[in-house]
Amino acid sequence: MDIRLGAKVPATEEERAAIASVLGPPETGWDGGQRQAADGHVAFGGHAARARRHLLIPVLHAVQDRIGWISPGALDHICERLTVPPAEAYGVASFYGLFRTTPSPGAVVHVCDDLACQVGGAEALCERMSRRFGAEGTPSAFNGAGVTWLRSPCLGQCDRGSAALIQRAGREPSRIGLAPADPDQIWQALLAGPPASGAGRPLVPQLESTGSRTVRLLRRVGQVDPESLGSYRAAGGYEMLRRAVGLGPQGVLREVRDAKLLGRGGAAFPTAVKWEAVAANPVRPHYVVCNADESEPGTFKDRVLMEEDPYALVEAITIMGYACGAEQGYIYIRGEYPLAEARLRDAVSQARARGFLGEDVMGAGFGFDIDVRRGAGAYIAGEETALINSIEGKRAEPRNKPPFPAQSGLFGKPTAINNVETLLSVLEILRIGGPAFAALGTDGSTGTRLFCLSGCVERPGLYEHEFGITLREVIEAAGGISGGRPLRAVLLGGAAGSFVGPSALDTPLTFEAMRAIGATLGSGVVLVLDDTVDVVGLLRRISQFFRDESCGQCVPCRVGTVRQEEVLARMTRGAPFGSVEQELALLEDIGAVTRDASICGLGQTAVSAVQSAVRLGLVGSVES
Amino acid sequence: VFGAGGGTSSYREAEDADLLVLWGSNAREAHPIFFHHVLKGLRNGARMYAVDPRRTSSAQWADAWLGIHVGSDISLANAIGNEIIAAGLVNDAFIKRATTGFEEYAKTVSAYPLERAERDTGVPADLIRRLAHDYARADRAQICWTLGITEHHNAADNVLALINLALLTGHVGRYGSGLVPLRGQNNVQGGGDMGAIPNKLTGFQDIETNADARSRFGKAYGVTIPPKRGMHLSQMFEAMEEGELTAAYVIGENPLRSEADTNRASKLLEGLEHLVVQDIFLTDTARVADVVLPGTASWCEAEGTVTNSERRVQRVRKALEPPAGARDDIEIISELARRLGTDWGHPTSEDLWNELRALSPMHRGMSYEKIERLGGIQWPCPDDESTGTLFLHARLWEEDPVKRGAPAPFFAVQQEDPLDELTPEYPIRLTTGRRLDSYNTGVQSGEYATPLRGPETLNLSPEDAGRLGFAEGEVAQVSSRRGSLTVPVHVDTTLRAGLAFMTLHFPEQVETNVLTLDAWDPKSGTAEFKATAIRVDKLPEAI
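From first to last, the protein sequence lines stand for chains A and B. FYI, our numbering numbers position 602 of the first sequence as 602, with every residue one higher than the one before it. FYI, our numbering numbers position 127 of the second sequence as 127, with every residue one higher than the one before it.
Looking at chain A on its own, in the form it has when it is part of the complex:
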């Protein structure tokens, strides 16, 4: 298949073993094994071989985990095993932030310096990291092995202060999330593994502060043992799947339609429309996918759900598969969530062992199984078609739409894809019924919503509120602004969202009210900023983030994100081209082109935070 291998140093035994741990040992000389006499007359390949392409990213993970980097020799061996051209495999390996294609120390510490952590003192942490481990990106000796540290985009620990993720290669690789993190604790974790959990902040401060039992999606968080199927069932688990089977696929679709559920991932698309389109599509097979690649800076809701209530997601996606006529589901979880991934994998295998997954789910006559796929550090993989490409073993570059995934999604087949929170909402819909769910919230925004409170609030954390609550009430439920300082602005929806000022405090946080003021709920981020926060610094971080995370596939985004960052840099230096007004006009132009002409949501929203800040006078005013 036009595969030209050229690595000077072949894969080591260790690398081959890592690759075989995913693909099994090679069977013939043609796929990298020992040449046998039969190889001279027979070889198999073609569709069967190419159908294994989706294993490329799991194999890259295996090598990265074992060796700490992906050498040219290892890449060559992967290519001959999977019949993928090396240039293409290299394109994939070098796309993702958690893979390294140059020699690298066995331990890498990723230190979050993204929005919430900026507010929480990330720069100070980076400064201390430099003193302890040397400059960012330089290897230093550690206990006979190497270690290096890197700044990282959001690690999804925004409620806990500056976060870090340790990625450690070896025969027993580990990924350890720490928040709040400090160099001493990181040193300890490198020596001794993760610290005992249980300390830290409450999972859901809402429950502790008010004793409220009104939460719906969060009802089991902290109440069940996330590692026990029995505990989940004792708390009502798998009753909704039984109810779904009783309703039949059409009945489930009807409930979801009646509930008027809108997707919680950011685009607020009606879930029933997606599901019905897939269910009705005559092309087989159908796939369902859970987008658990929660990477929007400031967002951590799905992490909490998956860490604390993993079976709920497993049950929900099973219901989704049942309704959509799919026998295979995928959960694509970001690589920065090791605990959530471990618990999900455990939940899937326990569910399989107990007949809640497999050829005959619960004896109800339908088959369904779940494959958990780990992302490798790419914000863009959260875009649904990019995520589909990533599952297929490709660079996570978004596809042109149409065709939408419901027509041609994973492996070119009809595919329904939803965010974790959306799927858990489906469990609630089945519990109380579609019409009852629709009665919650407002006409345009039914049900409840999870809000990720971070920044300058007394009790940051995950909150669940019925739609209709105002921004002021949400902040007050989290104890108000810390230290009682004045509010400067709130970033709603994360880096792809927008800033609102104090005047928006009494706006209800609904899809329709947000649209009316030109803002978005996005992924539920509520990052509160008081008058001490360096807003221009945040804007520069946002613009840097998008320049970094743009996949580079389409020009408006690739170029526009760079230009945006340049304008902000000049304005921060106080050296605008021409006048500040000219720079603001340029930002406006860049925004229009990037928003109108990018093929996916990343480019379309990469300018929205900066533009909203300009409108609010947060940038371009006296201080900047």
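Everything labelled a hint here was simulated from the structure, so no lab data went into it. Where is the CB? At the ideal position from N, CA and C, for every residue including glycine. Each hint should be verified, as a subset may be incorrect.
[Claimed, not checked] In silico BS3-like cross-links for lysine-lysine, where the CA-CA straight-line distance does not exceed 30 Å: (1) B/Lys-538 <-> A/Lys-8; (2) B/Lys-219 <-> B/Lys-40; (3) B/Lys-219 <-> A/Lys-394; (4) A/Lys-413 <-> B/Lys-370.
[To be verified] Pairwise CB distance ranges (calculated): (5) A/Ala-592 <-> B/Arg-373: 38 to 48 Å; (6) A/Asp-2 <-> B/Pro-455: 17 to 27 Å; (7) B/Arg-481 <-> A/Asp-2: 29 to 39 Å; (8) B/Glu-355 <-> A/Asp-596: 58 to 68 Å; (9) B/Arg-373 <-> A/Arg-35: 53 to 63 Å; (10) B/Thr-450 <-> A/Gln-188: 54 to 64 Å; (11) A/Ala-280 <-> B/Asp-139: 57 to 67 Å.
Please build the complex by placing chain B on the supplied structure of chain A, with the hints as guidance.
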């Protein structure tokens, strides 16, 4: 078998086929345009088998590769036929309606059980069975072949063995099914169409049996056409050897390099009383010529047409003036005629094309204007209404026997091993082929630089290289029963023990055809380039 020499199917049908069998064809490198269509077919879900002694870059795309011994094609094809019959997978409606000779064919192939084919080809019986069943059961299946089938001493038998399989299963005359011989240049098909075949007038009209055609051509040219076929290339060389052929006019061909057994070809060409070469380069053949006529590069310096492997006639337009001294080929030939005493005037390419249309029924409906308007036309295109023919032999499926016409006969053929036997003295089978970046003797492709092209090598399997003690790049002495040469060794994992490979692209470096055997197929006149027995030795000084 069907009356005209041409691929039955259009390229685009490969995109819609369910099964493609690439038999003796490294189309990935030798026919990259066709292979683009194959790749689309694979993307659309078609499965592919590759039958080839080497696991070529084409075979690496296949679902399964059958690495047969060189020259065991008929045994394999007959075993596939026998298995299809035994498994009850024949298309009996098609056989009954549109073929003759099935009984004899069935009897012949009954001597080829899978076990025999496994012995002859080296390919496990299971895999042969799988190919047989998949081919017979596919709704749309094509067999595509190239020189791996035709550069053998029994080339025509090889082709017949493949055609038999299509007749057996009805994989011909329907969209997506077919028999696809791939032509090595943009206009090999066109050369045949124009009558550059010893026994055919233009448009595949038989010179010996078609009296009507003879009289039409005779009337047009004002001469009497004798019902007598000419010689093909291999016969010409034999005639040179016997002194019967003493003068040759060679147009756009480099036989001194391209013929098997170079030593003999060179001696015979140099021994001619008179040799005229018309070419755009001073080829090695031109160097020994008495007269060289500089022609024009037909793809950019002349008007005309070419016909590709899917029978599509396409216009070629003049983009450049030829260099000083070079003249249009039509002009050269007309001038030659004038000096020989016949004045043809100064015909344009369109004048000649219209003359052709008057004489060749299958081209009659193709005016220059229409070819241009439709972006090329696939023959047959017999009248003004016709827009050409997507695939051939649909008539075989007609209900009405009159429309169906003559049935297609099975021709039972027997396996014959290559003539150049393997012996302890010459134990290694050398086969030849092409590389993506080069073309034939390199007259046209050698001018261009490409990073893909390395020096010519003798490709040896890792096993043979190891056994004989050759390191990569080490120069070896390669000998056949006819000649000997030196060439660096390249260790090639696509080869098995006992199989070696070379190209003929670089005659100035390595005269591969010094080694090859000029035994040729009496039916097609093609030499057995694909099967030479060689030995590989260390250079004397290295011992």
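Cross-check of the supplied hints:
no.: 1; hint: B/Lys-538 <-> A/Lys-8; result: holds, 28 Å
no.: 2; hint: B/Lys-219 <-> B/Lys-40; result: violated, 48 Å
no.: 3; hint: B/Lys-219 <-> A/Lys-394; result: violated, 67 Å
no.: 4; hint: A/Lys-413 <-> B/Lys-370; result: violated, 42 Å
no.: 5; hint: A/Ala-592 <-> B/Arg-373: 38 to 48 Å; result: holds, 45 Å
no.: 6; hint: A/Asp-2 <-> B/Pro-455: 17 to 27 Å; result: holds, 22 Å
no.: 7; hint: B/Arg-481 <-> A/Asp-2: 29 to 39 Å; result: holds, 37 Å
no.: 8; hint: B/Glu-355 <-> A/Asp-596: 58 to 68 Å; result: holds, 60 Å
no.: 9; hint: B/Arg-373 <-> A/Arg-35: 53 to 63 Å; result: holds, 56 Å
no.: 10; hint: B/Thr-450 <-> A/Gln-188: 54 to 64 Å; result: holds, 58 Å
no.: 11; hint: A/Ala-280 <-> B/Asp-139: 57 to 67 Å; result: violated, 28 Å
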